[in-house]
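Work out the full structure: start from the sequences and follow the hints.
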Amino acid sequence: MLAISLLTPPYATLSYATPAWLDASAWKCGQRVIVPLGKGGMLRAGIVVSVDDDSSVKEGVVLKECLWPAEREPLLRPEYLGMVKQLALRHMVTEGEVLGGLLPAGLRTSKIRLRILDGGKPRTVSMRDLAGMSAEERSRVGALWAGNAVEILDSTFDAEEQELCTLLVDPPWSVRPSAKRQIEVLEYLHDKGMLSRTRLLQELGSGISAALNTLAERGLVRIGPREGGTCESCEDESNECSFDFGEGFTLLPEQQVAFDDFSALLHDETPKSALLYGITGSGKTVVYLELAAEALAKGLSVMLLAPEVALACKLDSAVRKRFPSQECFFYNGYQSPTEREKTFRLLAKRTTPCVIVGTRSALFLPSPRLGLIVLDEEHDTSFKQDEGLVYQAKEVAHYRVQQSNGLLLLGSATPDVKTFHAVQQQAVSMGVMKERAGEGKLPEVSLLNIKNMKRSDGILAAECKKQIRETVERGEQVVILLNRRGYAPLMYCLDCGHVARCPHCEVGLTYHKGRERLICHYCGYSVSYPVVCSKCKGLHYLPMGEGTEKLEENLIEILPPDTKILRLDRDSTRRPGKMQRILDAFANQEAQVLVGTQMLSKGHHFPNVTLAVVADGDLGLNLPDYRAAERTFQLLVQASGRAGRGEKAGRVLIQTRDPGHYCWQFVGSADYDGFYAEEIERRRKRKYPPFVKLALIRASYPLDWNKGMEWVETLTEVARALGKEHDVRVLGHTPSPLPVLRGRKRFQWTLKSDDWISIRTLYYAMRNAVPRGSKLRLSLDIDPVNML
DNA sequence: AGCACGCCGACT
DNA sequence: GTCGGCGTGCTC
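For the first sequence, the numbering used here assigns the number 7 to the initial residue and increments by one for each residue that follows.
Hint data in this document are derived by calculation from the structure and do not stem from the laboratory. We put the beta carbon where it would ideally sit given N, CA and C, even for glycine. Honestly, I wouldn't trust all of these hints.
Each pair of labels, with its calculated beta carbon distance range [what the hints assert, rightly or not]: (1) N154 with A18: 29 to 39 angstroms; (2) E522 with K584: 47 to 57 angstroms; (3) G199 with N594: 17 to 27 angstroms; (4) K713 with A18: 44 to 54 angstroms; (5) M48 with N154: 28 to 38 angstroms; (6) S62 with A152: 46 to 56 angstroms; (7) E723 with M550: 37 to 47 angstroms.
Next up, the structure:
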């Protein structure tokens, strides 16, 4: 009998009998199969996780027969299934949930068809048809299958690919305000990016069909197959590093030392982890590439991962230049399902070594013999996925190199405190690079105390505005970091003082002037502005605070009239390739000022930038998160790294209301070692990771469910009682930092322990205390990266 | 997630 | 009497 993990709900692993219509040898571990489920005989896709499953099935359950394989050769290798099992155990979810979370959509569907070629004209049979056949008929198809006269058609969404809806114009859009349907479609596409027509109709209702056609006619939306090459954001390569990649490099002395050390680890036939600690601009990429060359020469595959698509693109073009004849696979979460499926399939079949470049999701690509995994900017929190399938890319990467005796190389200028601690404990080896590779020098950093500034003064101090203006007048460029997108984060009603809030999340709605809407940054809810005040029915609001959009507007007033300003945030980069275009335009000096959120601090290279301004340095410092200081330090050092990359010296100006904070003394000199020494002592004293294992258990229930609070209290009792027994400190329950999100009330418990097992035991007990199918949802976040 | 089952209220 | 509301529970 076969044990099969379902790839869609209920995600269980169920036993199925091998049917008479196919030979038992047709079923293999790691293979995708189609199985019937439930009384209605619905069909599901699953992965065979065991072929001679002898696990006891509950008494009285009659086994169903597995219907058909979705492929002849298994998609997944045994090691891959091993990784899935580990992840499932670690995060206390089923293997089906793991598989469902990491396979591209097309590989999870049961809607495949068979093409039968028995002599005459070929006929096509769906899985549903097959399920409805008589036993004899199915056996006949089985015999043809065994004789290779049946092929699998899985082109279900090729049709969808032909009708992709792409937004062509940024807001504000020139449509009548009364055309609600059209605005709905535009807003939706703006939020979700490119979507197939079918999905759009599914998600917004088929009533929008006419509106969509109008938009297409008027040229606001394009309906058709995707245009151009494989990666739209990679089309233009002008923002890449100024290094001249070619047939191998001459390494600088520091790079050579680091390379030699890592190369020795690579040739050592045991799994190893290492950290490349190199300041911003020290040329880490060169070291990665030379190591990749070593691994390839040994016949091993290489994975290079970056925290974000734009950075992954840069890595990709660097790899293609360094290894022009080597096959290189690029993969990220923003690619279309078809594209991702294609890459996944190619790699699953592949046996010869290759290079894989991408973002964290690329980590789950099947790959032949992995010799090296590089995680660039390893401190970046995007390497942890905390929605849906929860995983920390660093851990998965570690597991993967463990399996293949490879090397995991983490690179950063500001390493994760946990990683650096592992280096100190000699669990991870380290290479250090403290010189900038080019002519650039580290910038001079100064703090600007804005404690006494009034709200009406705007967000930039006079001194700051002056420096921005002077820099622009000198013909140099400025980047301004403000971690708040939109126009104004709070809208006060002028008549009654009420603040406009999201009805699902209870957080303030952010005003976006360009779109004339109030938007919730947590759930995406949006209403058109002006909106009637829910308290006094007034229509007049006072925007409070300042986001990137307003900062951009204010800057226009204080700068010379012909100054061009660009804005880089989630709103201006929704459309594919847009981010790259903005970065390229800025790198080509088409604008003098770039305003943006943290996404602009990440590893981009602008030689003519001589001033970096951090508009609100404290933002984030006071978050209820033990890593707030680490996060702020990393962000600011990375942002500082944007200035002075060319020949001219750079300056960094940080505005703060709390100049006494210990973080600042180290940011000024980009002194990571100093910061680390201070931070690790604080963590030791206060018992925070890496000195304890920390986990967050989250509970949520619908706002209108009155039994919710009772259950939360019961769970606290369960947790407390078990915590005493297993030596786990239980803090909570406390309302989550966002007490209401997407219409659900949220609570959380913080758990501290010396080992993960006790924490899992507690979570297991809490989960069992809640009846199955309850409205209360529980989730476990191991080593959370954000406490929200 | 679906889909059946089942236990109450409004209707022919 | 019966139709149908959706709350609860199961899927090898």
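Against the structure, the hints:
no.	hint	result
1	N154 with A18: 29 to 39 angstroms	holds (33 angstroms)
2	E522 with K584: 47 to 57 angstroms	violated (20 angstroms)
3	G199 with N594: 17 to 27 angstroms	holds (25 angstroms)
4	K713 with A18: 44 to 54 angstroms	violated (27 angstroms)
5	M48 with N154: 28 to 38 angstroms	holds (29 angstroms)
6	S62 with A152: 46 to 56 angstroms	violated (32 angstroms)
7	E723 with M550: 37 to 47 angstroms	holds (42 angstroms)
Comparing the model with each earlier hint shows violations of hints 2, 4 and 6; every other hint is respected.
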